[in-house]
Structures are given as C-alpha cells and as structure tokens.
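**Q** The listed protein sequences correspond, in order, to chains A and B.
According to our numbering, the residues represented by the first sequence are 369 to 635, in order.
According to our numbering, the residues represented by the second sequence are 11 to 187, in order.
Each hint should be verified, as a subset may be incorrect.
[Claimed, not checked] Only some residues are given here: those of chain B computed to face chain A with a beta carbon under 8 Å:
1. Leu14
2. Val15
3. Ser38
4. Val52
[Unchecked claim] Not the full set, but computed from the structure, chain A residues with beta-carbon under 7 Å of chain B:
5. Glu425
6. Asp528
7. Leu533
8. Leu536
9. Gly537
10. His623
11. Gln624
Hints are computed from structural coordinates only; laboratory data are not their basis.
Quick reminder that beta carbons are idealized off the backbone N, C-alpha and C, glycines included.
Residues per chain are reported as follows:
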Amino acid sequence: MESDYIVIGYGQLTLAALLILVNVALSAVLQLGLGKSLLVAALRMVVQLLLIGFVLEWLFTQDNALIILAIALVMTAIAGVSAVNRTQRRFAGIYWHSLLSVLTASALVTGFAMVGIIRVQPWYDPQYLIPMLGMVLGNTLNGISLGLDRFVEGLIAQRDQVETLLALGATRWEAAHDQVRNAIRVGMIPTINSMMVMGLVSLPGMMTGQILAGADPIDAVRYQIVILFMIAAGAALGIFGVVLLAYRRLLSPDHQLRLDYLEKVGR
Amino acid sequence: MRNLVMLDPIQQGAVKFEGQTPSEWGVSAYRSRVMYVPQRAVSIENAARNALEGTVQDNLMQVFELGVYSQRQFDPHLIQTWLAQLGRGSEFLTLQGARLSGGEAQILALLRALQLSPQVLLLDEPTASLDAATTARVEALLHDWLQHPHRACLMTSHDAEQIRRVTHRQLNLGEFV
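So here's chain A without its partners, still in its complex pose (with noise of 0.2 Å):
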C-alpha cells in the first residue's frame, strides 16, 4: 500500500520505549515506588495494542457483514459490562439495562452516521464502522456510569423526601423525576464540556491521527465534528435509557422506592 506517512518500524519502537526509562528513573530517584506497576503497564499496553492491531487488520480484510456485526456486538457488550463495573451499587438486571441502553444507542447514531451521513459503501465497511462505534462506545460508558450512579447516589440521598411525597399521594414520576433529571444532567455534562474546549485546550486524538496519516487537516475536522455530534447524541440516549430503566426498577408500579434491592459492592 503507498502511504504519505513514514512507517514506524520495530527498532523505532524499542527506541520510543526507552522513554519508559524517563519514568523509571523518576520513580527510582524520588523513591515512588511505581518501578514495577510502570513497567507491567508499559508492557501490557504495547501487547494490547498489537494485538488489536492484528485484529483489525485481519477485520479490514473482511466482507461479510455478519462477522464485522459481530465484532461490532462484543465491543458493544465490554462497554455496557464496563459501565456497571464502575458504579457502586447495583440491583438485579442492571447489566441487562446497560446492555440495551448501549446496544440501542450506539446502534442508531452509529447505523445513522454510516448509511445517512457519510453514506459508507457498503455499510457495514469495517474502516468506519468500527472506529466510529469504538468513539461512541467509549463516551456512552463513561455517560452510563456517571448517570447510574448519580441516580442511586441521589435516590439514597432524598429517601427521605421521596417516600414523604410517595406517603402524600405522589405518583413515582412525580416522586422521583428531579433525581432523573438530575441523573441524565450529570451523565451529560463531560460530553459538553469537551465539546465547550474542543481544539482549544484538547486536540482530539481522532482528528490528530488523520493528520499524522496524511489527511488534510479540514477534512480531518469535518470527521471529528461528525464523530462528536454521534457522541452526544449516542451518550444523551444511553443516559436516557439506562436511568429510565433504573427508575422502573427502584420506583415499582406500586410508587414504592425499593432502595432493598440495591447491593453496595466493594471496590
């Protein structure tokens, strides 16, 4: 394949892992202590990401639809899997919620993007899909956590409050729906905020990689434009989903609050 790049060859790694050494020399001097953690990470990252490299570039050689949407359904399901690992408390099905708040949400900003906007040819072609899946995976997760918790978290917190409306004859909507509201604000608000200093402070890592591989730099920026209205939008549905799924469960048909179904977990 001709690129406009200079490829990294194995000896230019090693060379690029010798400033591991920087680390480890800090660590040694100052005594921190994080000798071997540094260099176990070290090593598990650059296993990680060749294998992965392996992977894809077996994926990109690949035609069928079938093989690629299977892929395409495991990233899917580490990332609803990843996003209740990190709350704290969790009820029965809450990994199912998770699952479907994810595989809903990705599947349609995600099926939207490549057959609406940018028309790949065919749909399924895994050079897009699966990056493009990959970032709204990634930024649904962190949304789904950070809302689920925020709603347990909160529903614990306004016990109180939520049961004296319950006793006073609120529906569980109206017992509860400023702790969904408040749920789905807090999932939201990292999305906007990297969007408020996007190109200013950070430079997506995204558009960088485009550029380093030759693209020109607006057509670079119009991807990642692309890509951060998908992740919104894909987070937005996610949160929406997973913290309404919650709130069926913890406030029962009955307008009872079922805080005894939460299990508090040791991290």
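Start from chain A and add chain B according to the hints.
**A** Then chain B, alone, in the frame of chain A:
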C-alpha cells in the same frame, strides 16, 4: 405503618380499605385517603427549583401540584386558623423549609397532611420532637380535626400518658417495638 400505606411491600396478608385493596384504589388515590406522616419530617420543596427558596408556605402549597389533588386548592385561611390554634403566627409560613427545627418540621408535616383531609391519618410519634405545651396544642388540634365524620387517626407513641389522653382504643405491641 409503612406497610399499611404500601411504602414497604407486605410479606403476608392483605390491606383493604372500604373493601378494596390499594391497587384497586390506585396506590396514589389510596395514599391520599390513608395518609402516613413519618416521624422524621422533611420538607419536599422542589430541589430543581432551588431548595433554599422553599418556605413552609411553598411546602404546603406544592402538594396540590400532585395529580391526585388536581381538583383541590390550597386554603390559606384554614392554615392560618390552625396555626393560631398552635400558637404560631403567620411568620411561620415564611420560614425556610430546609432549616426548620425538628419540632417545626413535625408541625409542617402534620399541617401538610391535615389540609388534604385524608379519611385515615397514620401518625408515627407525631409529637416526639415537641415540648409539652405544643404537644397539648397539637393534641387539641387533632381532636378538633377528628370531629369531622369519616375521619380516623392511628398513632404510635411511647408516651403512656399521651396514649391515655388522646386515644379511644389501644394496641400494645409490647417489647417488640
């Protein structure tokens, strides 16, 4: 009491009010007729609207925004009468809900429930945070409120004197409480 108003699920048996279960009534409608006032009283002003601005009056008025009370209206005159009976002036209405003392919060919770005219009032230690003088006034107010037909009150208390003073029938739950 929490079981009676379905705040906690019932393990055994069933609750019926006028021949119908809470679900048949609709839980919200049932709770507007059989009303539970918890011992720990909290103000309910809308957090989204700015919790610090919620006064006692806001608390009393905001319950009428709930769907079950859409046909009813806040009656400031009634509240004024009751406050006078409790020896409080109308300045009580301007106090901040979030900063009430335990006793003030109990009075707020009681008035908030009384104005909704439930048929059965469930009071959990309603005077636990009140001094003797205010307790007597609350008892008098409750007594008057109960003169209306189709109103009943079930209350818990650790004060044997109070139970003797205000109740017609007693149920002793012994040491299990």
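**Q** Let me make sure I understand: some of the numbered hints might not hold for this structure. Which ones are they, in numerical order?
**A** 1 and 5
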